[in-house]
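Participant: Listed here are the chains, written in short residue letters.
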Amino acid sequence: MGFKALGLETCPAANAQEAREALRRLTRESEDYAILYIEEGLAQQLSAEIDKYKDSPTPAIILIPGREGSIGLGQSALKAAVERAVGTNILGD
Amino acid sequence: MASTTITPTRMVLNQLKGRLKTARRGHKLLKDKRDELMRQFMDVVKRNKQLRLRVEKGLTGAFASLQVASAIMSPEMLEQALLYPRQSVELGMKFKNVMSVNVPVYSFTTKNSDPAEIYPYGFAQTSGELDDALAELARVFEDMLELAQVEKTMQLLAEEIEKTRRRVNALEYVMIPDLEKNIKYITMKLAENENATKVRLMKVKEMVLQDAHNYQK
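As they're listed, the protein sequences go chains D and Z. Those letters in the first sequence? Residues 124 to 216, per this note's numbering, in order. Those letters in the second sequence? Residues 50 to 266, per this note's numbering, in order.
In case anyone wonders, no lab produced these hints; they're calculated from the structure. Any given hint could be a false lead.
What the hints assert, rightly or not - Derived lysine-lysine pairs resembling DSS-like cross-links, with alpha carbons at most 25 angstroms apart: (1) K252/Z to K177/D; (2) K202/D to K233/Z; (3) K95/Z to K177/D; (4) K175/D to K145/Z; (5) K202/D to K230/Z; (6) K202/D to K80/Z; (7) K177/D to K233/Z; (8) K106/Z to K202/D.
Unchecked claim - Partner residues are not named here, just some residues of chain D that face chain Z (Cβ under 7 angstroms, in silico): (9) A171; (10) I173; (11) D174; (12) K177; (13) P180; (14) I187; (15) P188; (16) G195; (17) G197; (18) L201; (19) A204; (20) R207; (21) A208.
For each residue, glycine too, the CB sits at the ideal point set by N, CA and C.
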């Protein structure tokens, strides 16, 4: 809600279904949106859709912690990328 | 590449030698590329880790402030206060070439550059906590933007490293040994043929001489 005041466009989604539709709608117009921020809680249920955009330059889908605080999904994305590149987790956590 | 399918001729040998040379050079280049990508990747990962921690902490704080604000104000008032943004963000995107990977670089311009101008409401009817929450959010947003850039870069680099690593391994463990094996096979076969010809010629010479002069050994 607060992001709207910063001039960002917001798409409220109450559940995974709504979020999926919003995500599809936004990515279809991906020429217009370079970055999408999505709450971790919702992203958890949409991981298949989000992974599709991992390798394309646009849009960047970034997980942010929701109202309940971080559940570590963003961190695990980082770990997954390292594992993918190196073949093993070298960050040591 | 089974060695039975290749014909042991000099032409094929030359071709294979050429291919081996190219494969060796490609292998070296790709290995260098992989190492450099890895070095850049590690930098990006470190930066990403920092930023993510900062963003997560900042956002949690901002949401907490927002929560306090919504507890103090009525939901309708809050809704109304944030209904029309005064600020608008223009996001520009360019691509930067890192080791032949196109990574995005974001730049953003805000319509109102004055940080005090972000509040889309009058101060009379809203609580101070809302101001704090928004100020905090605005601060975090800059980090969020950088995070987006760094994280996307990281993902793209990871993909490229994976691809490069596979190519290096394929060259090192499949292509090059195969080529070497085939080259060896052809050289052996050619030497064998040569020997066979030599022996045959010697034999023929002996027979011819015997015929002509009735030599007795």
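Participant: With a cut-off of 7 angstroms, does the beta carbon of P188/D approach a beta carbon of chain Z closely enough for the hint to hold?
Facilitator: holds, 5 angstroms
Participant: Can you verify the interface hint for D174/D: is its Cβ closer than 7 angstroms to any Cβ in chain Z?
Facilitator: Status violated, d = 10 angstroms.
Participant: For the restraint on K177/D, tell me whether the closest CB of chain Z is nearer than 7 angstroms.
Facilitator: holds, 5 angstroms
Participant: Quick check on A208/D please, does its C-beta sit within 7 angstroms of some C-beta on chain Z?
Facilitator: holds, 4 angstroms
Participant: Is the hint on A171/D kept, meaning its closest Cβ partner in chain Z is under 7 angstroms away?
Facilitator: violated, 16 angstroms
Participant: For the pair supplied as a hint, K175/D and K145/Z, confirm whether the alpha-carbon distance does not exceed 25 angstroms.
Facilitator: Between K175/D and K145/Z the Cα gap is close to 22 angstroms, so the pair holds against 25 angstroms.
Participant: If you draw a straight line from the CA of K202/D to the CA of K230/Z, is it 25 angstroms or shorter?
Facilitator: Judged against 25 angstroms, a Cα distance of about 40 angstroms means the pair is violated.
Participant: For the pair we were handed, K202/D and K233/Z, check the Cα-Cα distance against 25 angstroms.
Facilitator: At roughly 45 angstroms apart (the allowed maximum being 25 angstroms), K233/Z and K202/D break the hint.
Participant: Please verify that hint: G197/D, Cβ, nearest Cβ of chain Z, below 7 angstroms or not.
Facilitator: holds, 5 angstroms
Participant: Given the hint that K252/Z pairs with K177/D, does the C-alpha gap stay at or below 25 angstroms?
Facilitator: Violated, at about 72 angstroms.
Participant: Does P180/D meet its interface restraint, that is, does its C-beta lie within less than 7 angstroms of any C-beta in chain Z?
Facilitator: Status holds, d = 6 angstroms.
Participant: Within 25 angstroms, alpha carbon to alpha carbon, are K106/Z and K202/D?
Facilitator: holds, 19 angstroms
Of the numbered hints stated above, those contradicted by the structure are hints 1, 2, 5, 7, 9, 10, 11, 16, listed in ascending order.
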